[in-house]
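Please model the entire structure based on the sequences and the hints provided.
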Amino acid sequence: MSTDTSAQATKPNNRIFQPIILDIPDLCRIEDTEKEDMQELCMEMTHAVYPHDKVYGDYCSIQEYINCPPEKVYQYLAETSNFLEWTFSLRDMEYSEQDDVYTFTDAIGGKTKCFCRTVCSPDAMTVDYHCAWDQEKKLWMIYLMRVVPAELVFGKPGSVVLWTNCCHPYYNNNPHPELAPTDRKVWVGDMWPMFYAGHTIEMQNLKKILEYRHANQS
Amino acid sequence: MQTISLVGAASFLPETIIDNEHFMNASGIKRHPMFRGTKLRRHIKDTESATTMATAAINSLKEKLNLNLVNDVDVLITNVTIPDIPFVGCGAAIVGALGLKPKTVYDLQNGGCVSFIFMMELAQMILNSTEAKSAIICNIQTAAGRICGQDDNLKLPQSAVPGDGCGAAYFVKGDRNPIHSIVTKTHGEYANDMKIVTSDGRDWWQPGTTAFNIDFGEEKISSVIARGNKLVPEVMYEALALADLQASNIDTLITNQPNRIFLRNWREAIQLDEDQHINTLPDHGNLFGAGIPISLTLGLDSGRIKPGTKILLSGFSHAGDYSAGAVLSWNG
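Heads up: the protein sequence lines correspond to chains L and R, in order. Residue numbers for the first sequence follow my numbering, beginning at 1 and rising by one. Residue numbers for the second sequence follow my numbering, beginning at 1 and rising by one.
What the hints contain is simulated information worked out from the structure, not anything from laboratory work. One thing to keep in mind: the hints can contain errors.
Stated by the list, open to error - Below, a list of computed lysine to any residue pairs in the SDA-like style, where the Cα atoms sit at most 25 Å apart:
#1 L:35 with R:237
#2 R:195 with R:34
#3 R:220 with L:50
#4 L:35 with R:331
#5 L:54 with R:237
#6 R:103 with R:178
#7 R:133 with R:95
#8 R:30 with L:156
#9 L:156 with L:84
#10 L:35 with R:260
As the list claims (entries may be wrong) - FRET-style restraints, in silico, Cβ to Cβ:
#11 L:51 with R:174: 35 to 45 Å
#12 L:166 with R:205: 54 to 64 Å
#13 R:210 with L:32: 27 to 37 Å
Note that CB positions come from ideal geometry on N, CA and C, so glycine has one too.
So, in C-alpha cells, the structure goes:
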C-alpha cells in the first residue's frame with residue numbers, strides 16, 4: 001500500500017538550514033531591513049479604522065468561537081444537508097450520488113438552484129463547499145471552512161471556525177445569465193458587499209445550533 | 001449650565017529653529033524614520049523660560065483681542081511640560097510678569113498632550129461655579145530644548161520629533177463660540193508606561209553626568225500605537241455624541257501632533273479630508289500639550305477655521321494615560 005506524503009510539510013535534512021532566496025527581489029527581512037524601518041512600515045500599515053472595501057473587497061474572511069468540541073463542529077459542517085438548518089436561504093435539498101452534487105433552492109434568488117459539492121479533509125478539519133448558482137459544470141463559489149480546536153488557540157474547550165470566500169470574477173459578471181430563472185433580477189455577486197454581514201449572521205446560526213445541541217447533549 | 005465660549009487663541013514660538021541636519025549630524029545617522037515627519041522645530045534657549053514664553057503668548061492674545069489683562073482675566077490655568085522650577089508650575093510667575101489680577105490660578109500637572117482640553121473642562125467648571133467670567137488657559141512645551149537638546153539625547157533620532165512652543169486661549173461666559181461638549185478620560189492602567197530614563201540607571205532627580213530622557217520602552221511601542229488608534233477615535237465619537245452631532249458636521253479637526261501616522265489615522269477615523277485637519281508637525285514637531293492651542297491659533301489666524309463652522313479637538317497623552325475630546329462652534 002502506498003502512502004501519499006505529498007501533503008506533509010517538508011523537513012530540512014540538515015541541522016543548518018540555509019534559505020536560498022538571494023535572487024528574489026524586494027523581500028523584507030531583518031538582514032536587509034533596519035528594525036526602525038520595519039517598525040515604521042508596520043505603523044504605516046496600521047490604521048485606526050479601515051474602509052469596508054479594504055477589508056472585505058477581495059476576500060471575505062470571518063471567524064467565530066463555538067462552545068462545542070471541534071470533532072462535532074467538523075462533523076456538522078461536513079454533513080452538507082445541515083445547510084437546511086444553518087444557512088439563511090438554502091432549502092429543498094436533493095443529492096445526486098452519481099455526480100456527488102447536492103442541489104438546493106437558494107430562496108434568496110427566488111427559485112434559483114444552487115449546486116454544491118463538499119470536499120472534506122478530516123485531518124485538517126477543513127470543509128470546502130464548491131458551489132454555483134444555476135449550473136453545476138463549474139462550481140466557482142467556494143466556501144472555505146476550517147475548524148480549529150479552541151484548546152490550541154485559546155486554551156479553552158470548544159472550536160474556532162474560520163470561513164473565507166474569495167471574490168471570483170464571476171461574482172461581478174454572471175457567466176451564464178441565460179440560465180437564471182425567468183424574472184430573477186438579482187445575481188449572487190450583487191450581494192458581495194453584504195457577504196461579511198450575511199455570513200456573520202449565518203455563522204451565528206451555526207454557533208447557536210451547535211452550542212444548544214452540545215449543551216443539551218443531543 | 002452656563003455656556004462657555006472661545007474668544008480667541010494666540011501662540012509664541014521660541015526663536016531658535018532647528019532643522020533635521022542638526023540631528024543627523026549629532027547622531028551620525030542620515031536616514032531614519034524619525035527624520036521623516038518633522039522638518040523643523042523650535043528649541044527653548046537658556047535665556048528663555050516657560051514663563052517668558054507664556055508671557056509672550058498671553059501678550060499676543062491681549063493684542064489680538066484687545067484685552068485689559070488686569071481686569072479681563074479672572075482665571076489663569078497653565079500646563080508646563082518641564083517647568084522652570086521643580087515643585088511649582090509657572091502660574092504665579094506669569095501673574096507677576098504680566099500684572100494679572102486673577103481670582104483663581106491653577107497649574108495643571110496632568111493631561112499631558114491633551115491637557116488643553118482638561119484645562120477647558122476645568123475653566124468651564126470654575127466659570128460655572130464662581131463669579132469669574134473669563135479664563136486664559138495656556139500650554140507651555142519646553143521639553144524639546146530642555147530634554148531633547150541635551151548632548152546625550154541629541155544623538156538619538158527620536159529627539160528630532162519634539163518641538164517647543166506655547167499656546168494660549170481666552171474663554172468667557174457667553175454663547176458666541178460655544179463649547180458644545182467636553183469629554184475627558186483617565187486610563188490608570190497606562191500611567192506607568194512612559195518613563196524617565198538615564199543611561200546610568202539613576203533617578204532623574206539624583207546627581208549625575210548624563211542627561212535624562214523620556215522613553216516608552218521598545219516593548220511598549222506596539223501597545224502605545226494601538227492605544228492611540230483606539231482611545232482617540234473613541235473619545236472623538238463620544239464628544240460628538242454628547243454634542244448631538246455627527247462626524248459629518250465637523251469642519252476642522254485639531255489634535256495633538258505626535259506623528260504623521262496618528263494624524264492620518266485620527267483623520268480617517270472621523271472621515272475628514274487632510275486639509276480639514278490642522279497639521280503643525282512638519283514645521284513645529286510634536287508640540288506636546290501646546291500642539292492643540294498652537295494649531296487652533298494657526299487655524300484661526302490663517303482663516304482655515306471659518307465663521308459658522310464646528311471644531312473637534314481631541315488627542316491622548318503620554319502612553320495613553322489620558323484622552324479627551326471637545327466640540328465647539330466658531331462664529332468669529
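Tested hints:
In summary, the hint linking residue 35 of chain L to residue 237 of chain R is not supported, as the alpha carbons are separated by about 34 Å, beyond the 25 Å threshold. In summary, the hint linking residue 195 of chain R to residue 34 of chain R is supported, as the alpha carbons are separated by about 19 Å, within the 25 Å threshold. A C-alpha spacing of about 23 Å is found between residue 220 of chain R and residue 50 of chain L, which places the hinted pair at or below 25 Å, so the restraint holds. With a C-alpha separation of about 48 Å, the suggested pairing of residue 35 of chain L with residue 331 of chain R is violated against the 25 Å cut-off.
Pair hint residue 54 of chain L plus residue 237 of chain R holds up; C-alpha atoms about 22 Å apart against a cutoff of 25 Å. For the given pair, residue 103 of chain R sits about 23 Å from residue 178 of chain R by alpha-carbon distance, which is consistent with the 25 Å threshold. Simply put, residue 133 of chain R and residue 95 of chain R have alpha-carbon atoms about 17 Å apart, close enough for the 25 Å limit, and the pair holds. Straight-line distance between C-alpha atoms of residue 30 of chain R and residue 156 of chain L comes to about 50 Å, which puts the hinted pair past the 25 Å bound.
At most 25 Å may separate the alpha-carbon atoms for a hinted pair to count; residue 156 of chain L and residue 84 of chain L exceed this at roughly 30 Å. Simply put, residue 35 of chain L and residue 260 of chain R have alpha-carbon atoms about 19 Å apart, close enough for the 25 Å limit, and the pair holds. In this structure, residue 51 of chain L and residue 174 of chain R meet the distance hint of 35 to 45 Å, their C-beta atoms being roughly 41 Å apart. One distance hint, 54 to 64 Å for the beta-carbon pair residue 166 of chain L and residue 205 of chain R, holds here, with the actual separation near 60 Å.
Range check, residue 210 of chain R to residue 32 of chain L: Cβ separation about 33 Å, and the 27 to 37 Å hint holds.
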